[in-house]
Structures are given as structure tokens and as C-alpha cells.
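All chains should be built: construct the whole structure from the sequences, respecting the hints.
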Amino acid sequence: MDIELQLTVENLLARYVHALDDDRLEDWPGFFVEQGRYRITTAENHERKLPLPIIYADSRAMLRDRVSALRHANIYEAQRYRHAVSSTLVERIDAQTVSAISNFQVVRIMHTGESLVFASGRYLDRVRLNGKEPQFEEKVVVLDSRSVDTLLAIPL
Amino acid sequence: MSAVPEVRVWPAEGITRVPYWVYQDESVYRREQERIYRGATWNFLGLEAELPEPGDYKTTFVGEMPVVVTRDLSGILRCFENRCAHRGALLCLKTRGKAKEIACVYHNWTYDLAGNLTGVAFRRGVKGQGGMPDDARPESEAPRKLRVESFSGLMFATASDATPAFEQYVGAEVAARIRRVMKEPVRLLGGYTQVLPSNWKLYFENVKDTYHASLLHLFFSTFRLNRLEQKGGVIVGGDGGSHVSFTMMRTDAGGDEYERAGMRSVAGGYRLEAPQMLDSVDEHGDGMTLQILTVFPGFVLQQIMNSLAVRQVLPKGVHGTELVWTAFGYAGDDERMTERRLKQANLIGPAGYISLEDGAATGFVQRGVAGASARASVVEMGGRSVGSNESRVTETSVRGLWQQYRKHMAL
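The listed protein sequences derive, respectively, from chains A and B. Positions 1 to 156 (the working numbering) are the ones given, in order, by the first sequence. Positions 1 to 411 (the working numbering) are the ones given, in order, by the second sequence.
Note that these hints are calculated values from the structure, not bench results. Only a predicted model underlies this, so the values are computations on that prediction, with no experimental measurement involved.
Below, in silico cross-link-like pairs of lysine-lysine (DSSO-like), each with a Cα-Cα straight-line distance of 27 Å or less:
no., chain 1, residue 1, chain 2, residue 2
1, B, K58, B, K145
2, B, K58, B, K183
3, B, K100, A, K49
4, B, K145, B, K98
5, B, K145, B, K407
6, B, K100, B, K58
7, B, K94, A, K49
8, B, K94, B, K316
9, B, K58, A, K49
10, B, K183, A, K49
11, B, K145, B, K316
12, B, K407, B, K316
13, B, K231, B, K183
14, B, K98, A, K49
15, B, K145, B, K100
This is the structure in C-alpha cells:
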């Protein structure tokens with residue numbers, strides 16, 4: 001196993017989830033390359049090869065729009081996430097690119113104190129290594145369940 | 001402590017007042033199951049496109065009653081209760097599948113795809129021992145069969161013989177607006193479920209409430225995407241429980257002219273960096289950018305630009321609702337059109353730019369009225385009557401819902 005490669009990807013994932021959980025949403029698009037793709041779907045759609053996304057962006061600009069809408073337009077109650085990412089399997093595609101599959105769980109903590117296992121699933125990632133600054137070329141979030149409680153505002 | 005159950009009386013003002021107990025009482029909820037869902041109403045089951053071939057089936061619900069929907073071996077759509085005649089176990093456990101017959105896993109009683117009991121395991125016993133008496137009628141508690149009507153590829157079921165034909169039930173104007181969207185064979189794009197922390201009626205009111213749209217959903221106004229300021233109207237159909245609200249846009253070249261205009265007007269405001277998401281094609285040729293349509297008690301058909309979807313509203317107890325979304329395009333869509341629909345899927349669903357608030361807002365009412373069952377909400381925007389209207393600053397279609405609801409419930 002290429003330990004350095006493994007740690008590179010795990011470190012990217014760790015920085016990614018800390019940014020989301022610390023409410024640094026403005027940093028989120030920077031984890032993607034300029035034409036990076038981000039998609040949330042369900043395992044059911046994924047397995048049936050149905051393309052419907054819950055969130056879909058194919059550029060950093062679209063990700064910035066999502067953050068801008070969350071900050072200035074969309075209305076939702078104060079809430080935070082706590083991500084746990086594990087079992088990352090890394091596979092090299094070429095000198096510059098790797099694919100990675102990880103498990104994740106997200107606990108959603110409402111301002112009222114209510115904590116709920118909000119989401120679980122897999123990250124299907126394609127990472128460009130870019131020397132010291134690896135970034136996602138593509139991140140597909142596959143939710144285990146077809147159901148989402150109330151609303152999904154903060155990205156996963 | 002009062003041991004006397006409260007007698008619920010609708011406020012004297014009629015449909016301009018909605019008493020909060022209607023979202024809270026277990027007895028009201030039970031009565032709805034009997035009088036609405038198992039009464040003379042058309043309940044949405046899904047798209048015909050979900051069952052393309054003979055033998056295809058899906059499971060869903062009519063109110064709380066689990067049902068199986070099949071395309072039988074001769075191609076006819078069927079709907080029957082998902083309950084074995086023997087001990088009441090679910091007959092079908094999977095969400096969807098393909099079968100020639102259906103067998104209950106508990107004691108292997110078998111059914112054809114129309115819901116007829118066709119076999120009772122060991123009915124004559126084994127080696128002369130056991131079995132049922134000769135005069136037994138195992139089919140006497142057979143699963144209830146529902147009448148199915150497919151209208152423009154949308155499947156509905158009713159448990160009552162008294163329900164009028166679907167087109168009569170929704171009215172000619174609403175029926176025409178269904179045909180407008182379901183104009184050609186559809187292609188499924190996928191689905192998901194949104195779990196709402198509120199009584200089903202709060203969501204159904206919300207989707208009929210044209211007044212809230214520009215006030216709660218600030219996406220378009222924040223980014224100065226003023227298409228929703230354009231001409232529109234509300235049509236109320238059937239007994240009041242069906243409606244269409246629609247918005248017309250100015251005819252433009254179909255390119256990004258509108259977005260550029262939008263961006264120019266945003267001095268000091270916010271703007272989208274990638275407004276291409278909203279690039280739309282006027283595929284119905286009538287300039288209508290948005291059409292939201294409902295059929296009592298739980299169906300929504302949505303055209304938001306090029307995002308097409310149906311939503312099934314399922315009651316899950318007094319305080320909970322599931323909203324089952326299925327998005328679709330047309331079988332003839334090219335790749336660009338599919339991509340456009342998928343981009344615009346960002347507008348809908350639990351993370352939708354113009355819909356995510358609805359998941360929470362109905363819950364705010366459910367929580368807000370927790371101590372106010374004897375009080376009522378005020379529904380007087382746009383007057384006190386039920387009727388079609390050119391303004392969308394009206395609650396006419398909400399009043400229509402309560403008109404039909406009260407009739408079914410005898411409340």
C-alpha cells in the first residue's frame with residue numbers, strides 16, 4: 001500500500017469535513033478544481049442508474065452560488081453537522097489522479113439540542129493530486145437512504 | 001383533569017378559519033383515513049412509466065393503507081391492499097419488482113396480479129390430516145381491490161364506488177393543465193423522499209398557498225431573478241380541492257438575455273455566478289415558466305422551468321408526512337435537455353433553492369400551535385370565497401382545500 005497516498009487522501013477528506021462542520025462554507029468550493037463536479041444522490045437512484053441529484057454542481061462557481069444562497073437567500077433553522085469519515089479505500093488512476101471510496105455518517109445538531117443521525121453513505125471521490133494541494137475533480141455523495149429529514153441545507 | 005372528550009366544532013366563519021385541532025387530533029386523523037383516503041377520492045399511486053411491462057409491481061400507500069400496484073399479465077393496471085386474506089401479513093415486501101404471482105411469505109397463500117386469492121397451502125391437508133373444512137371460504141377476508149384510473153400516464157386509485165371519473169373529479173380546466181405537462185411519454189429521472197415534521201394538511205395547504213411563494217422563498221428575489229414577478233393566476237377545480245397556479249414569463253430569445261438583464265439590475269446586491277442553471281426552453285410553447293397543480297388529497301404535479309416532477313403526499317401519523325418526489329423528463333429528450341433538467345433539479349426537493357423552506361415552514365406551524373388547539377388560522381387573503389383568480393396574492397386555493405375537506409369529513 002502507498003501510505004503517503006493514503007494519508008494524502010485521508011487528510012483532504014479530514015480538512016473537507018472540518019470546514020463543513022466548522023461552518024466555513026466559504027472554504028468549501030476551494031476543495032474542488034475549477035470545473036469540479038459535486039453531486040448528492042441516493043443509493044436507490046445510483047443503483048437504478050437514474051440520474052436525479054439532490055444537489056448538483058459542475059463548477060466551483062455553482063458551489064459558490066450554493067453557499068451564497070445558504071447565506072443570503074434560503075431560510076432554515078440554525079443547525080450544525082458532525083461528520084465521521086472512515087474506511088477510505090484509495091486506488092491510483094494515473095500519476096495525477098486517484099479514486100477513493102469512503103464511508104461517512106453525519107449527525108445533525110439542531111439549535112434546540114436535538115441530535116439525529118441525519119445521513120449515512122459513501123463518498124465516491126476522484127482526486128487530482130496537484131502536488132501539495134490535492135482537490136476533488138468529482139465528489140459523488142451516495143446516501144444510503146432515499147429519505148431526508150425535513151431539509152438538506154448544509155452540504156454533505 | 002377533564003375526562004370528557006372535547007367536541008370539535010368548526011368555527012362559525014367557515015372556510016376562512018382553520019381550527020388548529022384539525023392538525024392535532026388523533027380522532028380527526030382516524031376519520032380522515034376512513035372518509036378521505038378510503039372514501040370517494042382519487043389517490044396518487046405513481047407514474048405508469050414505473051410499471052412499463054406486464055408483471056411489474058410497486059408497493060405504496062393509500063393514506064395509511066399499504067397497497068400493491070401491478071401491471072397484470074394482460075397489461076391492465078391493478079391496485080389492491082397489501083394484506084394477506086389469511087392473517088393480514090404484507091403480501092409484497094419490496095418497493096418494486098417483477099412477478100407472475102404473489103405469495104405471502106408467512107403461510108404461502110398465493111395471489112394473481114389482480115389480487116385474487118389463487119392458492120391456500122395445504123388446503124386439503126397432508127395425507128388426509130389437517131387442512132381446511134370443506135365449506136371454508138378463505139377468500140372472505142381477501143385484500144380490498146381498488147379501482148384504478150390512469151390519466152395521462154398518472155396512476156390513481158379509489159376505494160369507493162361513488163368516486164366520479166377522474167376528469168370530472170378534478171374539473172376540465174385542471175385536467176387540461178395535467179395534459180399540458182404529461183404531453184408525451186415520460187422518462188423517469190429518479191426520486192427521493194422528504195420526511196416532513198408536520199401533519200399532511202399543512203404541506204398540502206403550503207403547496208396550494210400562492211401567497212407565500214415570493215415571501216418565504218427568497219432565492220429568486222435575492223438574486224434579482226424576477227421572472228416570478230410576471231403574469232400568472234390561480235385556477236380552482238373540482239370541489240375546490242384541486243388547483244393550478246401558474247406564472248408566465250416574458251417571451252425572450254431563450255438564451256441568457258434574461259440572466260444578463262437580471263445581473264445588470266443587481267447593483268449592490270447578490271448575483272449568481274452560474275445563472276446558466278436557469279437557462280430554460282419553452283417546451284410547451286405557451287410561455288409558462290411555472291405551473292404547480294394539486295389534486296385532493298395528496299397529489300402534486302410540478303413544472304418549474306424545465307424541472308418536471310410529481311409529489312405524493314403520504315400521511316404518517318398526526319404529526320408526520322412523507323413527501324415522495326419522482327422527477328421525470330420526456331422519452332424524446334436529448335442529452336442537453338436531460339442535463340438542463342438535472343441542473344434545475346437544484347431548485348426542488350429537500351435541498352431545493354425554492355423548496356427547501358417548505359420542509360421546515362410546515363413544521364413551524366405544527367410546533368407553533370401546540371398549545372392552541374381551540375384557536376384557528378386566518379385565511380382571508382384574496383377574499384372569503386373559492387374561485388379562480390388572476391392574482392396570486394390570494395388564499396383561494398387554500399380555502400378550496402378546506403371546502404372539499406369539510407365535505408368529505410362532514411365537519
